[in-house]
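Chemist: What follows is each chain in one-letter form.
Number of protein chains: 2
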Amino acid sequence: MTAELHLALYLSDAGIHAGGWRHPAADAPGDHGLDHYRRLTEAAERAKLDLVFIADKLAVDDIYGGDFATVLEHRPNTHLDPIVLLSALSSVTERIGLAATASTTYSEPFHVARMFASIDHLSGGRAAWNAVTSVSDGEARNFNRTEHLDHGTRYERAAEFLTAVRALWDTWDDGAVLADQRAGRFADAGKVRYADHDGEWFQVRGPLTVPRPPQGRPVIVQAGASGVFQRLAAENADLVFAVAPTLERGVEFYRGFKQQVREAGRAEHEVRVLPGIMPIVGETDEHAAEIERELRSLVLPIAGLTFMSASMNHDLSRYPVDGPVPDVRDEIRGSKGRFQHVIADAVERGLTLGELGAEYAATLSFPLVAGSPVTIADELQRWREAGACDGFVLMPAYVPGGVTDFFDHVVPELQRRGLFRTEYRGRTLRDHLGVDRP
Amino acid sequence: MTAELHLALYLSDAGIHAGGWRHPAADAPGDHGLDHYRRLTEAAERAKLDLVFIADKLAVDDIYGGDFATVLEHRPNTHLDPIVLLSALSSVTERIGLAATASTTYSEPFHVARMFASIDHLSGGRAAWNAVTSVSDGEARNFNRTEHLDHGTRYERAAEFLTAVRALWDTWDDGAVLADQRAGRFADAGKVRYADHDGEWFQVRGPLTVPRPPQGRPVIVQAGASGVFQRLAAENADLVFAVAPTLERGVEFYRGFKQQVREAGRAEHEVRVLPGIMPIVGETDEHAAEIERELRSLVLPIAGLTFMSASMNHDLSRYPVDGPVPDVRDEIRGSKGRFQHVIADAVERGLTLGELGAEYAATLSFPLVAGSPVTIADELQRWREAGACDGFVLMPAYVPGGVTDFFDHVVPELQRRGLFRTEYRGRTLRDHLGVDRP
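Protein chains in written order, with the UniProt record's numbering: chain A, 1 to 438; chain B, 1 to 438.
Hints are all accurate, no fakes.
Given that identical chains are not distinguished, each listed pair holds provided it fits within a single copy or across any two copies.
Lysine to aspartate or glutamate pairs mimicking EDC-like chemistry, simulated, CA-CA at most 16 Å apart: (1) 191 - 67; (2) 48 - 431; (3) 191 - 73; (4) 258 - 235; (5) 48 - 423; (6) 336 - 150; (7) 191 - 170; (8) 48 - 4; (9) 191 - 173.
Keep in mind that the hints were calculated from the coordinates and are not lab data. Remember, predicted model here, so these are calculated numbers, not experimental data.
Excised from the complex, chain A in its bound form (with noise of 0.2 Å):
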């Protein structure tokens, strides 16, 4: 029997798909309010999701002609601060899983590892971190610099971050915190002890202010395609987020990082890997190939370029619109790993640089699965049983419905075939990931 698929949802305000958000039934994007995002990520526990996941950027989009007007006026591109809206859903939900970005390459290991700890105490279990590096120069200008840094540096100091992180949430035992009112013993500080952690980027110290979290540690969520990122998270992640376009190239990720994780020592089952999809549920296939029609005559190419540039960190608006899609590949700073491949395929199809656009803009080269409640669930099935996956990242093309479909009629499917779970068994994310705690 093929083993149970685990899910996460990726919230967000506006959909994935560059159409989405201009689909009649969407919600209104750049409305910040608790509402829109409380009421998916009460679906996605009615749902019995193992977590909800929040990206992140750390600038508005201004690599594509310089500024972000044109970014601006064509797409929604605005984000909330991850770990404030993580919290806020953390008190108004019971059982699944939070995770939010934070980025290794602009913040402090002191704050990261004291606001997940801080999640998971107050959620009693259920945070997560997706540690990611920043990308892109306009980040950086946010940040006292003028150029992001390059991508084996930038990977260095993931790295160490990510070990004074664990070095933090490692300061505290179980059980330090007597809290003994009558003798007056709040702490046996045998059980707490510093840091002490001296590297090249980062000294720490410690303690944390934060006795240990309920899951131990945070879950380590991690998101990316290159060599370097597999090696980080091999040594380090509980979840990965993955990005295959295709089933084979799934499968082919899920055996080379799988290897990886033996090599580093651990156990296969320690690091799940989500790819994302973009599900598009109707109640045929046909129904469904027209949901999609209609999301793509929403689409506006130039969103399309404009999210492309920001994602490589190279400005495509020097390049004709009408014009074959330049072969830009030596110039990426941005994502390397992801935009190789959606660069050199282009090319080889003989794309204009506008059909480019307008196609990367649909699903951000995350596989579209199209079709009724059967079909997508036939589909899942298929790329779990060819070993492709641990389960999926769920990429709403619009929100609410885009998701809501799928929890009302692709989940009952999974659930009847022994696919997933029908009631969550434990307490922590860890439980429902089935990941043992440190």
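For chain A, the structure is supplied; the task is to place chain B on it using the hints.
Modeler: Relative to chain A, chain B alone:
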């Protein structure tokens, strides 16, 4: 008629009085689940308080004896991340204001601006930032330094930090987000601008990734006493959390500070001044005195000395506990403005160091107001009518009893006298405080 008071609740896991956490009716300290904080905040909202306030330290105190052991054995000394806690409380409350501390010494303006703007959005305009400078070497050692910044330097950095944060909050005009789904126009980019902050400490380009907060700018709180502090607060703060051990000192501070507010070109009412007080409410004056005696009997003098050492950033373990208080005014490298007075006063009164420790531990030099509800209301009214304050920060001796007694018995007495609101009249914290939206 005397103007209405503004009231804030100082939230903590353990109460402020060093005997408070040992009171038989106190919640166990160091348990950082949501329940304790949620119950306190809900009670404050039922009592129609202006706001709750979360303080912070970025290290476990370890100045006394050069180690954390004495501290952790003798008193609660853990702190959740205040922004995480505040965010969690934002989604389970509806009207009360929400203030959290973030250090200008060890944070980045972009993060702080975005976090408080985000809380302001999610809470519908109830966020406040308590902008502090960090004072102890223990904190410095958690952020890549061996010694904390000197007083002048950290205030220079704070001033620039505040300027950068305000510039970031101003990067989006009201109405910049259009979210025109039909036309495919997300924002009016002409209503968004770069902050282009280029200073000595920070270079921050902006714009923020969050549209203009509901309050225009979240409320800025500052806490302190020194002359440098007063100049900075007169220019920037909407609310000042003051330390005034006596009514006379309160009047002196209030007059001098409001004078500086006028000199900074602002109207007096634009900055509310709230001294901290510790109320101990009994059924009668004698009953309150009994509670105070009980709390005092639970104080461990060493707990006070560890607290003072951290705040002064000077190790008091070097002096005999039974000897006279040493005149160490010139060695204070932490909170100068405050401890100059504390030490001078203790030397003059001929206290031993242990006696000072016990006394300081009880109230942290905030005035303790013990008595029946009528007695306490009289005293608060006296402060207000003498021109010592615009209201108070309630610092409960123990929790929850030390504050719920105030809500249940003193608040109704203040309401009967027309000194406190019986219902919220506005939606935002600025509405509650009566300070204008910028």
